[in-house]
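K.L.:
All chains, please: the whole structure from these sequences, using the hints.
So the sequences go chain by chain: A and B. With the working numbering applied, the first sequence closes on residue 407, and no number is skipped along the way. With the working numbering applied, the second sequence closes on residue 407, and no number is skipped along the way.
Since the hints were made in silico from the structure, they are not lab data. All of these numbers come straight from a predicted model, not from anything done at the bench.
One copy or two, either will do: identical chains are not told apart, so a pair holds if it fits within one copy or between any two.
Cut-off 27 Å, straight-line C-alpha distance, at most; resulting in silico cross-link-like pairs (BS3-like, lysine-lysine): (1) Lys86 <-> Lys38; (2) Lys249 <-> Lys24; (3) Lys235 <-> Lys267; (4) Lys299 <-> Lys267; (5) Lys249 <-> Lys299.
2 protein chains.
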Amino acid sequence: MVSVAIMGHGVVGSGVAEILLTHKQKLYAGLGEEIYIKKILDLREFPDSPVADRFTKDFEEIVNDLEIRVVVEVMGGIHPAYEFVKRCLKAGKSVVTSNKELVADHGAELLAIAKEENVNFMFEASVGGGIPIIRPMNQCLVANNVNEVAGILNGTTNFILTKMIDDGMQFADALKLAQDLGFAERDPSADIHGHDACRKICILASLAYGRHIYPDSVHTEGITGITLSDVKLAKGFGYVIKLIGRVKKLEGGKIDILTAPMLVPFKSQLSNIDYEFNGIMVRGDCTGDVVFYGKGAGKLPTASAVVADVVDCCKHLKARRFLFWADGDGSNIISYKDSVSAMYLRLSGDDAEAKAQKAFGDITVANGDGEIAVLTGEMAYGEFENKCAALRADGVQVMSTIRIGDI
Amino acid sequence: MVSVAIMGHGVVGSGVAEILLTHKQKLYAGLGEEIYIKKILDLREFPDSPVADRFTKDFEEIVNDLEIRVVVEVMGGIHPAYEFVKRCLKAGKSVVTSNKELVADHGAELLAIAKEENVNFMFEASVGGGIPIIRPMNQCLVANNVNEVAGILNGTTNFILTKMIDDGMQFADALKLAQDLGFAERDPSADIHGHDACRKICILASLAYGRHIYPDSVHTEGITGITLSDVKLAKGFGYVIKLIGRVKKLEGGKIDILTAPMLVPFKSQLSNIDYEFNGIMVRGDCTGDVVFYGKGAGKLPTASAVVADVVDCCKHLKARRFLFWADGDGSNIISYKDSVSAMYLRLSGDDAEAKAQKAFGDITVANGDGEIAVLTGEMAYGEFENKCAALRADGVQVMSTIRIGDI
Numbered sequence: 001m002v003s004v005a006i007m008g009h010g011v012v013g014s015g016v017a018e019i020l021l022t023h024k025q026k027l028y029a030g031l032g033e034e035i036y037i038k039k040i041l042d043l044r045e046f047p048d049s050p051v052a053d054r055f056t057k058d059f060e061e062i063v064n065d066l067e068i069r070v071v072v073e074v075m076g077g078i079h080p081a082y083e084f085v086k087r088c089l090k091a092g093k094s095v096v097t098s099n100k101e102l103v104a105d106h107g108a109e110l111l112a113i114a115k116e117e118n119v120n121f122m123f124e125a126s127v128g129g130g131i132p133i134i135r136p137m138n139q140c141l142v143a144n145n146v147n148e149v150a151g152i153l154n155g156t157t158n159f160i161l162t163k164m165i166d167d168g169m170q171f172a173d174a175l176k177l178a179q180d181l182g183f184a185e186r187d188p189s190a191d192i193h194g195h196d197a198c199r200k201i202c203i204l205a206s207l208a209y210g211r212h213i214y215p216d217s218v219h220t221e222g223i224t225g226i227t228l229s230d231v232k233l234a235k236g237f238g239y240v241i242k243l244i245g246r247v248k249k250l251e252g253g254k255i256d257i258l259t260a261p262m263l264v265p266f267k268s269q270l271s272n273i274d275y276e277f278n279g280i281m282v283r284g285d286c287t288g289d290v291v292f293y294g295k296g297a298g299k300l301p302t303a304s305a306v307v308a309d310v311v312d313c314c315k316h317l318k319a320r321r322f323l324f325w326a327d328g329d330g331s332n333i334i335s336y337k338d339s340v341s342a343m344y345l346r347l348s349g350d351d352a353e354a355k356a357q358k359a360f361g362d363i364t365v366a367n368g369d370g371e372i373a374v375l376t377g378e379m380a381y382g383e384f385e386n387k388c389a390a391l392r393a394d395g396v397q398v399m400s401t402i403r404i405g406d407i
Numbered sequence: 001m002v003s004v005a006i007m008g009h010g011v012v013g014s015g016v017a018e019i020l021l022t023h024k025q026k027l028y029a030g031l032g033e034e035i036y037i038k039k040i041l042d043l044r045e046f047p048d049s050p051v052a053d054r055f056t057k058d059f060e061e062i063v064n065d066l067e068i069r070v071v072v073e074v075m076g077g078i079h080p081a082y083e084f085v086k087r088c089l090k091a092g093k094s095v096v097t098s099n100k101e102l103v104a105d106h107g108a109e110l111l112a113i114a115k116e117e118n119v120n121f122m123f124e125a126s127v128g129g130g131i132p133i134i135r136p137m138n139q140c141l142v143a144n145n146v147n148e149v150a151g152i153l154n155g156t157t158n159f160i161l162t163k164m165i166d167d168g169m170q171f172a173d174a175l176k177l178a179q180d181l182g183f184a185e186r187d188p189s190a191d192i193h194g195h196d197a198c199r200k201i202c203i204l205a206s207l208a209y210g211r212h213i214y215p216d217s218v219h220t221e222g223i224t225g226i227t228l229s230d231v232k233l234a235k236g237f238g239y240v241i242k243l244i245g246r247v248k249k250l251e252g253g254k255i256d257i258l259t260a261p262m263l264v265p266f267k268s269q270l271s272n273i274d275y276e277f278n279g280i281m282v283r284g285d286c287t288g289d290v291v292f293y294g295k296g297a298g299k300l301p302t303a304s305a306v307v308a309d310v311v312d313c314c315k316h317l318k319a320r321r322f323l324f325w326a327d328g329d330g331s332n333i334i335s336y337k338d339s340v341s342a343m344y345l346r347l348s349g350d351d352a353e354a355k356a357q358k359a360f361g362d363i364t365v366a367n368g369d370g371e372i373a374v375l376t377g378e379m380a381y382g383e384f385e386n387k388c389a390a391l392r393a394d395g396v397q398v399m400s401t402i403r404i405g406d407i
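P.N.:
Right, here's the structure in full:
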């Protein structure tokens, strides 16, 4: 029997407890031992829970309990999750978390402590919810150089964009619907401004390239500027607009990482990943493109990924699993101004087409409603910004600019 | 340093040697030890190979070499692969194979020997080439009851069907093109008759449900009967035709497994997996649908999956990894006649529509070229066959019948 504790009894935490109870036999068969929930930390009361007797409001009861070997952190947020996780690791307990904010902000430090203490720190559920991605990527990585990882990593924004694309809904209406359906939080800013997706691509990039990438070193754009006009014009060119987290390895070893809306070609496997679903493409030098698809959030999908990690921790109480990256200082990341991409623009004003052609050379043009849409060739983003500034100075209104993804 | 041997230096085998040599540093970083190719078994000569000095024609040199801890079997076919693998396992060596025929025919026995000898028998590359599927499924399985697995598991037939769907090519022309491009073998029968896809769904079903499923106990249909008319009529209804290997868990614990062409709805994630690509959907009770996509064959994709297994074996020379299923006698499989599905038919003859309606009740009908296409509701396949026989007796020509997949 392995005793575990769960810190947090919200959506994911209650799912973890549920799976540990309802899938008891299956877990026993897989592990050869029982997993026993010894304590659940939450400040609220849950008198109707089948494990009501195991609740505590005192973290010390968990960290000081020598029988508890694995601790699940599903509280969310940085404080006190960070302090609690650190103390659990230092107390020789393995920790499993679904907390992407924690991993993106403190992953390197917590992995280093886990290594020092010879325990495991696992976070399969922090990216892609129920989609297995951390382990398969680790596996792909063994015999592949990963040239690129690109993904639809946030279900809320993908739901909103899908509603705009498929049903012609306005952004604000689609956001409202997502909130009504429970796909978006009351305060949706971390989602719609791209911060959630950014944290996830940071975790995948840290894993792929071995050095911690902190979210504040990554250029991040959200989807609040995307209009129905853009959605329609993009469709006319054969693209859908998706919020993409992407990291690429460049020659010379540096990486190009960003989170931004992108035009994704219809033929891409990421183009028809719709609604609240997530999809992640890993481009290996041997495997080629491998894509993982599924529900990126939700109680049971996320909880089942947490439980898979718990089982892995229970199997490896003595032998540490290989999952590690070193700390990083951002020196391996190029400036977003040097990132090369083809671009989409929506323009209006006299002679906008001729002026755009003068600025960008070879372009593809489509006519919208008193405006034009333009696709350019590839250029560095800094150069693109300068050209946009020149266009504006020349009387052209630049209403939208969106990168075109080669994914 | 861990010494390994590779049996077979064909497409996959030469890829394995190549990755072990070209990704040496990466592998060293992942494993903390060097992987040394000590012997390569092949009856041919490869004087230009960078490891030309390690070739042998004598299997005994491998099985009797105590230093060799991991043996890669990439010869293909059953004999002598089966005998060699068995002897290697019994000699205390872990074995990695990409040979789906071997795993589908002898997996349970080889897994049992591996267990007895406390070594590993791994076969990630046997299904889905470079797509990680065996390990992620094992992981999904820990905290999920798998309700269904369905996949496009054969790149050759998927290439042919895609060419029929997208370019209106006839079956024979598409097959010829696939052969010219190297996506189909000179003798394509194992592919086009569904046997290759059947072996792979058998492996996944054995893994998912814990008892060996032998290919000859699985109803298998190929794609040679699919015509351009079917492709076009299916498209009109909102479906593409794909060769699907599928296993479903039924209430009462039995399983429904088959390999057959199916109408896949446009909205399914499997519908736009095209050309030589493979895609596998795993439907868990907690995760919901998770889909894995990538190149299902090819030298380096397959070889990189083999190498990932080799690394895992090297990491677990003493501790066996949990990958096991018991032998099976087919008693947990329902007859294909009891398998329930909605059906597509292509019919001609006087009053075909009225007669089909009489036979099947509620149907959806589309008019083809002097023929009609019909979609029925769900029924057991045996009942469907009886109704088709009655239709024929009533003067209706039944030109095609294809299952409709709820995937």
